[in-house]
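**Q** Sequence:
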Amino acid sequence: MKSVWKPVSLCAAVIAIAVGVLLTGCGSGGSSKIRYLNLSPNLSSSQVLVDGKSVVSSLGFGVATNYVSISSGTRHIQFEPLGTTQNVVDQMVSIQSGTNNTYAAQGFVTANQVVPFLYQDNQTAPSTGNCQLRVINAAASLGNRDIYVVPSGTDINTVSPTLGNAAIGTATSYLSLPAGSYAIYFAQPGFKTGYVSSGAFTLTANTNRTIFGYTSPFGFFTILTLADFN
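When you number the sequence shown by our numbering, it's gap-free, plus one each residue, and the end is 231.
Keep in mind that the hints were calculated from the coordinates and are not lab data.
Every value quoted in this text rests on a predicted model; they were computed, and no experiment measured them.
Built from N, CA and C at the ideal position, the CB exists for glycine as well.
The calculated label-pair distances, taken between Cβ atoms and stated as ranges, are:
id	residue 1	residue 2	range
1	Asp52	Asn231	28 to 36 Å
2	Lys54	Phe109	24 to 32 Å
3	Gly130	Gly200	20 to 28 Å
Whole structure, please, built from the sequences with the hints as guidance.
**A** This is the structure we're talking about:
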């Protein structure tokens, strides 16, 4: 059975939580940047704390913040659902100096905890006429998947997976691609059937993008596109 994902506008997502984001540094250095993302289907809106300081007042499902400053070194990140004092994310992470990062809660909350993932985002400009794309499996209801990134209209029966048997939180490398129209498929590992698809989308030259494929609280599949560069 085929399902089609509906793209989510990054601009709309950012606007939805702009009021809740404090655009101040998370420490003294501020040499790096980070954005926060909630893709856990059963994680309610949460306050995000860094080293005990609130940096996002309410982070809803399917929402990514803008990049905010964060000091490099070891940082303590917590996600605390609103109206509770229970931290469902409570992790020490290492932030490298001069980097941009994405910190994403993914999978289902179990035993009052959810597994977060830290990704370092590519700020290097692609070669002339090209773009760079990273795809991440954040689809909690799907489990492991073969990921295909192909020019739109391609029959995946004719190609090999871009990344095989990708577990939740697993990312492809940044793919260098000519600007143009593409599609992403998440298929059952080892099979070309039972897949979900992003549908066609356009990649513009001189941009870097990360696309998360994820599962909504209602069982639907969709994608979220984040701008890493330009």
